[in-house]
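Line by line, the protein sequences are chains A and B.
The numbering used here numbers the first residue of the first sequence as 1 and each following residue consecutively.
The numbering used here numbers the first residue of the second sequence as 1 and each following residue consecutively.
I should point out that these hints are in silico values taken from the structure, not numbers from a laboratory.
Fair warning: there could be bad hints in the mix.
[To be verified] The calculated SDA-like cross-link candidates involving lysine to any residue, where the alpha carbons are at most 20 Å apart (straight line), are: (1) B:7 / A:734; (2) B:7 / A:769; (3) B:7 / A:771; (4) A:745 / B:105; (5) A:783 / B:105; (6) B:106 / A:733; (7) B:106 / A:660; (8) B:306 / A:516.
Given the structure is predicted, the values throughout are model-derived calculations rather than measurements.
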Amino acid sequence: MRRKIEEYMNFSIKHPENEGGMNERIKRLRQENFDTPTTLSIERALIETEFYKKYYGTMPTPVLRAKNFYEICKKKTIYIGKDELIVGERGPLPKAVPTFPELTCHSVEDLHTLNSRELQRYTISQEDIDTYEREVIPYWQGKTQRERIFNHVSKEWEEAYHAGVFTEFMEQRAAGHTAMDGKMYHEGLLDVKARIEKRLSELDYIYDPEATDKQQELEAMAISCDAAILFAERHAELADKMAAELERKGEAAQRVKELRKIASVCRWVPAHAPRDLWEAIQMYWFVHLGTVTELNGWDSMNPGHIDQHLFPFYQKGIEDGTLTRDQAKELISCLWIKFNNQPAPPKVGVTALESGTYNDFTNINIGGVDRNGNSAANELSFMILEIQEELHELQPGLSIHIAENTPDDFLMAGIRVIRQGHGYPSVFNPDTYVKEMTRAGKSLEDAREGGCSGCIEVGAFGKEAYLLTGYLNTPKILEITLNNGLDPETGKQLGLETGDPRTFKTFEELYEAWHKQMVYFVNLKLSVNNYIERMFSLYAPATFLSLYIDDCIEKGKDYYSGGARYNTTYIQCTGLGTITDCFTTLKKHVFEDKRYTMDEILKACKENWGEPLSNSPRGGEDSVSSEMSTGNAALPPTGGAGRGTVMRQYIRNHTPFFGNDDPYADDIAVRVYEDLVKAIEGRPNTRGGKTHLNMLSTTCHNYFGSVCGATPNGRFAHFAISDGTSPAHGSDSHGPTAVIKSLGKLDQTKSGGTLLNVRFVPALLKREEDMEKLGKLIRTYFKFGGHHIQFNIVDTATLLDAQKHPDQYRDLLVRVAGYSDYFNDMTAQLQNEIIARTENEEV
Amino acid sequence: MIIFDIKRYAINDGPGIRTTLFMKGCPLRCVWCHNPESWESQPELMFKQNKCIGCNSCGIHPHQLEYIRTKAQSTNLEVAELCPTIALEVCGREYSLEELMAEVEKEREIMTGSGGGVTLCGGEPLMHPREALQILQELGRRGFHRTVDTSLYASPEVVQAIDAETDLFLIDLKHMDSDLHRRFTGVPNEPILSNIRLLADKWEREGKSISDRCWFRIPLIEGVNADEQNIEATASFISNLSSVNSQPPTGWQGGLSLLPYHDVGKDKHRRRGTDFNPEGIKMTAPTEETLERCIQQFAAHGLTAKVGG
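Please take these sequences and the hints and turn them into a complete structure.
Have a look at this one:
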């Protein structure tokens, strides 16, 4: 407690190169990856458009989709980089991102914007833009999934959507959040095809009225198998050709050997089950590419518990002497670089704010439990931590899974990587998420084989289609409630008329009014969710992905049509911290202490607490504003603060807020949470499953903040709202244990995931014993039933400097709401938010 | 009992994750003190000028704030309740034992789960022995590990009574020369050194290891106590404590921490309207070389000193 300042000063983030155990090949591949610009490729769109022009309407949709996929696999450019061992790209080159015009078709203007914007730029040539305008855009006009959706929705839905009451995930991307179980390592696509043939032969066309639909889907699945095998074969051919070329020149004998090996691997997988580690990794990579080529699912694709899946191959290789640890590490590192070669497909229109990032959310799960509930951390889990620390790329994301029976040495190994400050791994609690899943009706074994994909959402890997459908802006709903259904930002009557809050006599009246509005908006969103699900089933079935999700083949049904064993629809609620703080403010100061009238608070919100409205909102709720910048002036100004400022300060400093282990606030948070569960949970979806609550926010809390005026808790207009289930920025002032106590009061098993960001200054993790204490903090939170926790280990000085000198911090990673991002790829708004977040610094 | 801070997730105040209770009141006046607001036993007003927005909610004319800044302690405490920004804040409040235990109980899981507990700190907790004892007894009854962070500047009777209710002492050793000790802290060191010997002998008699019963903490300040001579005397003193001698050759196993000086106390003095280091004693943080030399000096006596917490 006495040396904080020194510790603070001495700290420097390790950067940019931690070259530790990377071998020369991996260093080169990593450097190449950094140096390669992100580009937009129109190849997929061209192949698809040509195919659709010729065949649309001539065959059943599943078969059309499968043949379209086959066509892409047959025609797309094959790439093998000169150092690569694991091969295959989604586009014609690394970091060349295809478009998916069948879902959403970029306009010429969109393409220009993507090509020229400063952040998350996707370059594209004028020639390609012209071709797109000529060949692609005219065909898809009126036929995209996005248009189908927007032509269907009601005026009420559309107005609420544009006002930012909720978002819609599937309006321009397919549902993703898909993680694999271990079956691909035991079964090649030829085996899968044999299973499909068997199912086809068993169809009963007399007594099963769905038999014809099933036949079409199963035939489409078989075509998808062929497509992926063909795609692999084309890689084998290219590898052989490259090898022959080198041989002819008499060059690079070592590379020739590698290319011949690549060819033989690609001829074996994915057609057959892999026999060694190399084949197993290549197997996964082809399956990954298949799913992200077929459709552009959110959260791309995820290998799931890869340490568990690859371990038998590793063990066998080590035992029979065909593999060394270094070789295994090199192969896995090659896969890691592949992940980072796949930036997310860019969105169209102005929705970039919602989630402007290259990150495609592959969140790899290591450690945790196996099917039988035993600890699953193995040698590869440790090796993967090592690789993650050495490469520290944007993708893949990594999470360690710490059950009660997970050994401490694995937790400590994870914390050592956390301490590096790259933003990962995040930490998950299988003991809680297994309960979340069994509570939602999944079998215990399937739940244990599940985990968290993307950000923090849970699913039964390889057995579930869990669709995240969009975020709900709970503070915005309060803003609408406080204006009797009117949205002051758009001036439109978006909600119900629940009464003028100035007439409310009790806090209960206010809460009830919010509750009515919340249920109304949840229902509005759900009514369209089901329609969108049907559109995917009807127009964009995922016949390749369906091969890998039980029980699509057995049921003869697509992933989007209820083929999966479990079918969940999530709505993600954001802003729990902010709305709780708004409620405690109103409850305490208006209804109990009567320090302020409702009218005074509403006026102050309208006037943005006396601050001029800024078009470029800054980060946290308690960012230093001009009112606070009196600095070290000899004396404060006389009467220098307006009424709004004084009110705001009083509220910020004299209100019980969420995250301080104070029952006054925490009880309200629990109430809001439980009411959200009740409003969302258990509605039937179109796939035989049910809706559930989720509590993640990714970066949406920034977008949601930007559409929301000033709020009673003293938050300025257009500032970010709180993320996930974290306390609002600047609201928690009692340290991390108070935060986890507050969060522990929510019954998290009722969600499909919660999210807690805790920022740590490096000084708190300097010594070995500090890290052990962090481990205890994590263990304790998980005993309270916590689902997820992640740490930002950064110091303000570093971040401020990184804002000034982005070039010197190219690979600086920080943690934002569920995923890692490069600091200098973020908007200034996000950067400021990171800086403003409460520091748990002890002085 | 007047408590001026309760710190959760305290990771530098003894083993495990702890909750530190800061009792108000201290007989010492260490010039480097980083908690000068702990000196007086009664609640006092603090004024953080950088937080003042000049709103005049306190009803004090802005020019009087300068007066408050310099005479903070003597001003009416209730005025702080009016301040929206907590620029005016009362440091220290009366807690009942039940209230205090309710705060501590909030952290039970994390404390017990991490091998931590409660640390009683100050000020000087032994300055109010009756209250300190009450707190420690109750904590013991509730099964918490109890650490007391103290200068041991108290009567031998108090020290022995506290020892019976304490699992671990964190003993601050400031200077071995009594005159200099008096100059830098306002009190002589004889009572402190004699209390340490008393405890060491007591533990020896009781068959307890000193390593388990106390850690030493030395605020290391260039210009005050980091010189070779004082460190030599400190090391020699510790290594000659009776139960240290009886340790196996592995030597000192308890905590011996060197806490490099920092001047965060300056700002706290400003807040309470007192002068930091009025005599202008030259104090600086020890250099790496000094730290290394001190560690070597302790090592020569078989003592393992570490830097920090």
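Hint check:
1. B:7 / A:734: Holds, because 8 Å separates the two Cα atoms, which is no more than 20 Å.
2. B:7 / A:769: Roughly 19 Å between the alpha carbons, so the hint for residue 7 of chain B and residue 769 of chain A holds.
3. B:7 / A:771: Judged against 20 Å, a Cα distance of about 19 Å means the pair holds.
4. A:745 / B:105: holds (15 Å)
5. A:783 / B:105: holds (16 Å)
6. B:106 / A:733: Holds: residue 106 of chain B and residue 733 of chain A sit about 15 Å apart, inside 20 Å.
7. B:106 / A:660: Answer holds: residue 106 of chain B to residue 660 of chain A is near 11 Å, not above 20 Å.
8. B:306 / A:516: violated (60 Å)
Checked against the numbered hints above, the structure violates only hint 8.
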